[in-house]
Amino acid sequence: MQYSKNQLFFLASLRILIGWHFLYEGLIKVFNPGWTSKAYLLSAEGPLSFFFKWLGGSALADAADIITIILLIGIGLALVLGAFEKLAAFAGIALLAMFYLSHPPIPGLENAGPAEGNYFLVNKNLIEMAALGVLAFFPSSHLVGLVYYFKKQDDETVGQHTAG
Amino acid sequence: MSKEKQSPDNSRRRALKGLAGLPFVGGILIGAYAESRKRKLAKRNILEALNINATRPESTADMSGDPIRVGIIGFGGRGSHLVRLLGYATPSWFERMKEEENEGAIKAFQEQENLNVQLTGVCDVFDVYAEEAVAAFPGCKRYRNYEEMLESPDIDAVVIATPDHWHAPISIAALQANKHVYVEKPMTHNIGETYALQEAVRNSKAVFQVGHQHRQTQSFITARDIIKKKVLGHVSLVQTNTNRNDDNGAWQYDIHEKASPQTIDWDQFLGGAPKIPFNKEHFFRWRKWWAYGSGLSGDLMTHDYDRINCVLEMGMPKYVSASGGIYTHHDGREVPDVFQVAMEYPDFSVGTSRPKGIERGMTFLYSATLGNQFNRSTILMGHDGTMELGNTLTIYADPGSTRYASMIESNLIQPEIPIYSYNPEAEEVDAITSATAKYFADKGLLWTYRDGKRVDSALLHLKEWLGAIRHGTPVSCGIREGFEEAMTAHMGGLSWKIGRRIEWDAARQEIIALPGEDLDEILLSTRVGEYAMET
Chain Z
1 MQYSKNQLFF
11 LASLRILIGW
21 HFLYEGLIKV
31 FNPGWTSKAY
41 LLSAEGPLSF
51 FFKWLGGSAL
61 ADAADIITII
71 LLIGIGLALV
81 LGAFEKLAAF
91 AGIALLAMFY
101 LSHPPIPGLE
111 NAGPAEGNYF
121 LVNKNLIEMA
131 ALGVLAFFPS
141 SHLVGLVYYF
151 KKQDDETVGQ
161 HTAG
Chain B
165 MSKEKQSPDN
175 SRRRALKGLA
185 GLPFVGGILI
195 GAYAESRKRK
205 LAKRNILEAL
215 NINATRPEST
225 ADMSGDPIRV
235 GIIGFGGRGS
245 HLVRLLGYAT
255 PSWFERMKEE
265 ENEGAIKAFQ
275 EQENLNVQLT
285 GVCDVFDVYA
295 EEAVAAFPGC
305 KRYRNYEEML
315 ESPDIDAVVI
325 ATPDHWHAPI
335 SIAALQANKH
345 VYVEKPMTHN
355 IGETYALQEA
365 VRNSKAVFQV
375 GHQHRQTQSF
385 ITARDIIKKK
395 VLGHVSLVQT
405 NTNRNDDNGA
415 WQYDIHEKAS
425 PQTIDWDQFL
435 GGAPKIPFNK
445 EHFFRWRKWW
455 AYGSGLSGDL
465 MTHDYDRINC
475 VLEMGMPKYV
485 SASGGIYTHH
495 DGREVPDVFQ
505 VAMEYPDFSV
515 GTSRPKGIER
525 GMTFLYSATL
535 GNQFNRSTIL
545 MGHDGTMELG
555 NTLTIYADPG
565 STRYASMIES
575 NLIQPEIPIY
585 SYNPEAEEVD
595 AITSATAKYF
605 ADKGLLWTYR
615 DGKRVDSALL
625 HLKEWLGAIR
635 HGTPVSCGIR
645 EGFEEAMTAH
655 MGGLSWKIGR
665 RIEWDAARQE
675 IIALPGEDLD
685 EILLSTRVGE
695 YAMET
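Chains as they are written, first to last, in my numbering: chain Z, 1 to 164; chain B, 165 to 699.
If you're looking for bench data, these hints aren't it; they were derived computationally from the structure.
Cβ coordinates follow ideal geometry from the N, Cα and C atoms, glycine included.
A portion of the hints provided could be inaccurate.
Said to hold, decoys possible - These stretches of chain B come out as covered by chain Z in the derived footprint (C-beta under 8 Å, 3 or more residues):
{"hint": "1", "segment": "183-191"}
{"hint": "2", "segment": "194-202"}
What the hints assert, rightly or not - Quick list of simulated restraints, FRET-style, between CB atoms:
{"hint": "3", "chain 1": "Z", "residue 1": "S4", "chain 2": "B", "residue 2": "L186", "range": "24 to 34 Å"}
{"hint": "4", "chain 1": "B", "residue 1": "Y359", "chain 2": "Z", "residue 2": "W35", "range": "36 to 46 Å"}
{"hint": "5", "chain 1": "B", "residue 1": "D318", "chain 2": "Z", "residue 2": "A39", "range": "36 to 46 Å"}
{"hint": "6", "chain 1": "B", "residue 1": "K202", "chain 2": "Z", "residue 2": "V134", "range": "31 to 41 Å"}
{"hint": "7", "chain 1": "Z", "residue 1": "L48", "chain 2": "B", "residue 2": "K202", "range": "27 to 37 Å"}
{"hint": "8", "chain 1": "B", "residue 1": "E263", "chain 2": "Z", "residue 2": "A39", "range": "26 to 36 Å"}
Isolated chain B (complex conformation) (with noise of 0.2 Å):
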């Protein structure tokens, strides 16, 4: 036995069944490296040719000195919220956070970045309103009215937040008074006031911000890099939704139960809007009359519009058609419920991949129900790709792309797989509270993230104006971008009111008229759908 141990056949079984794993270990290793530097060699390809910047300049506007004084002018749902980024939040909020174990909410609150605001005015209609403010916060007195505030020497800067029939003659007002104006969207309610609004800010020295706040939202500025590098090619059509399906998000608001003729101050509330007698619901559900409100046009089509306007640019529409209805709602209300809007840019181009001249002209859909919150995303469909937009940013290459054509055909792009994707939320676990609520979220409305964390971009907005105010640097949504904004809405309530396609004069400024049309009459007018028969 002894002798065949010595064997060079023993040995050699000893060696091929002691060692068999060996091979086995560097097929393996080879197979992991050729594996993961085939991947990381992709990546970079795809990465260098899209070159995306996804880094904003941080915003270092010192927010030191002394305190800018603000008034709140209307201290309702969305008042009180603009109140609160700046530092100033009810007990009865905290109350309510706690009753609905939103601990998060109270938390996210405290350690906000602090605006050195001081909130010295409140101007509400409903006396509970302003009346809670003057307890909660001191320092902070109740004007009766606008005009009584902007006369004050006691604030600088006011914050409106007021149904939209209001936003325009008190943004007016107060620029005119030399204060610096945060208005809430939509910017206008109608189109006259759209011009004297324009004049009032180019008169005055005073900061104009509309509250589009998504536009501090970091994959929106992502967008706006990916679409300058053209990693899209020419964008033909956009898509936007709204699917809403719950009372709040139609706008069916409680109704305060101290609500009555002698807490609320109705003429006031009124202001240039038809006389009628006392109407709670009128007051606290008056998004659904033209009235006060603008329907799903200047609502919340504003939202969409202005979100694809910060990434592309594209400015006003040649065209804009209208259809819908009250489908959803029949509960007295004028604004429509379901609602389609295509708006036209025949002479639009983000840049393209293919020879001059074959591609140039853009379709911008908005589409929206009240009747179901299946979620449809915001699509920007190129010749060479598409863009998924929300907090979450993703980019698919199309098959057919000319300018990835080459990188597809070795594989190294997979147009099912995307390109690019941005997720500042994948560390996220949070509670969203509701439906309406979600909705925002998705579309990158509520909030944002900054080196990590998340803050409420209207917080950013709000700084962003207050920035404007002590250092003299741009805003981000000013006077030519709610310009725009409004004035597309308008242009979307006319054609659904009239039942025409709607053509802007761009030379002109203007939206065209017909003989004898007068617009802004239309706009506001409660009767729809019979212009188009009698004209």
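In isolation and in its complexed conformation, chain Z is listed as follows (with noise of 0.2 Å):
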């Protein structure tokens, strides 16, 4: 994949920024010990609110809360080291949907959640997936990361091209 130098830093940003969003709110509740998702899911509206309320409410709530710091953590040093940088859009697609899916900004739930704006259907939640989707295809650790760092010396020259 080749990109100007500009194409190439605003898409190594939107990686690394993706990535420290995760990251941060993965330690965030690392450090905070009495974190738990189970408000988040019980209080979950929509179609699909049946599985989420289910899921707080039954014994699989305690994994699921370690489920999602790994996922947080794992995804968010992927993006921003610049590694398995694919494997870390999707399941970072996967984690924001379900997150979209138990709080969905439809029109006449009552309580989707405190939102600091205004959101029909599309929210940053979608908004974060779509640019997931983006890294996904349009990789940029090969350029700047970690897969560049150990990429085999002798494709040096092509790394150096497409990034110059």
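Put the two chains together into one complex; each comes in its own frame, and the hints tell you how they fit.
And the structure:
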């Protein structure tokens, strides 16, 4: 994949910024042992709310907490550092889809979660999902990131050219 | 090219571009750690400063042994509910719950704690109610009147859920017969019988409990601890409210199709009330008439009064002024449906964070309408903080607080964010069936939580009473609390009728009457607002 300097700058920036967002959310939860997704799950709304409410009330709620934290940190690290970015992007889309579906911005739902803005079908979760889709199909870690760092020396010239 | 690869320039570029993410990871890690440490410290500092104890010693009263033999007097709406909590539900109740698709209520009944009670008697002046109990519960005998029941050796204790005008006469007779008493609120219907009942409790060995079940509600127990720890500082104003806007909430109960002079012992229903011809509406909607009910003051303000009295233990007010009228239901009722009461406590204080002598005295406001159900919550307003109280409990620091001034200044406490929040319901997603039920639930009057499980607070209140009977342990709403509740309600009713501020004489323990005034006659009278003109 070849990019102009500007294209690479914004692609890599987008990857690191989204990674930052995921990583910080994950770490805050690790440092705050009292955190649980229960209230979030139980307040779910929309057509799939039965599933999220069931999950929040079941014994799986604790597992859901751990999985959420691992995914947030894993996806965050991969995107910031630049490795397994395609896998991370798809995992991120899946996780955000869960967030989106549990509190969808559908008109008429009473408490689709506290929002700082006004949303109709499209909210920041959905936009971040689309951005992750861009990252999945416009990779940048072979130019900026660990993939570039560990790649075979012979490939160096290619990297230089495409980056330059 | 191969030479270039080895050059320091190239490896620098390689590291720069390859490891670009690393410093970000470090930064995020430090940022997250610092942020969560700040939050944790703030929380710990606040909790340490508040030192609130939300736990309650479990009610461990042993219910084993011979069952206590209970008679129910008044098997209507409330009576049948209390009997269900004692373990007895009628088939028609099961049918109704199934019709309403309220499987939760059936499940709750089946899972509720067994209080080891035998229902041995029922007394109701309406044949349909009494016969239903006899048919449904083996070993339950119908008594034609309460005197007959109290003479029976098969009865150890009675639950009284009659109209208000029968509460005291039956309680007194039961105590004199040494039968334990659980009586619904308000404890009495007039002033004279309040003293008589006080005397009867003093002279009886039997256990006496008034049915203010919210004394078992966890959030109220926590609130009491919060007041004791002076978290709110000097409380100068308490505000409680009733807001209802449905037939049930306005006491427009259904009139039973089988009601007739043949099925209702009308004379017995009337008791000491004025003799009037048979009247179905008076029988089923008795809360609308002063002769049998007590209006908003006795019926609903008593709940709020005792809720606050259980938290603050402020006792009798010095002055009571009431206002209001019949504004939403001109349907022949005598009792007001919009009603305001201001209770003054000039010498009361729960403590102060300011120099001694500056803060003293409190007003307790009760405001009610039966024509709107917007939820106005109960709030206790102190110099240092505000408490919002229901089944949940939330405390906000006051921006002008003395106690929290330094914590507010250092941004440790933000006045718009609660410094303490207690919500046992957070994990409960449950259907509440009616507007009136929601009204009671929001106030913490319907149920509470023990070990994360929802329990009807009246069950715990009955259990406390039964525990007291078995083991001699104390009850939380005995004659002292009942006396204060009833007398305050009577002062409210009097003030509304006379149109004057009513004063309590603490030394003589009586309501001050003007020369020539018969307060009980005024309280029970149907003439409204005429006294001020006459006197």
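For each hint, the structure was consulted:
1. Look at the segment 183-191 of chain B against chain Z: 6 of its residues bring a Cβ nearer than 8 Å to a Cβ of that chain, three or more, so the hint holds.
2. Restraint check on the segment 194-202 of chain B versus chain Z: 6 residues with Cβ-Cβ distances below 8 Å, three needed, restraint holds.
3. One distance hint, 24 to 34 Å for the beta-carbon pair S4(Z) and L186(B), holds here, with the actual separation near 25 Å.
4. Separation of Y359(B) from W35(Z) is about 57 Å and departs from the stated range, judged on CB atoms against 36 to 46 Å.
5. In this structure the hint that D318(B) and A39(Z) lie 36 to 46 Å apart at CB is violated, the actual value being about 51 Å.
6. The beta-carbon spacing between K202(B) and V134(Z), approximately 35 Å, falls within the hinted interval of 31 to 41 Å.
7. For the pair L48(Z) and K202(B), the beta carbons lie near 36 Å from each other, so the given range of 27 to 37 Å is met.
8. For the pair E263(B) and A39(Z), the supplied restraint of 26 to 36 Å holds, since their beta-carbon distance comes to about 34 Å.
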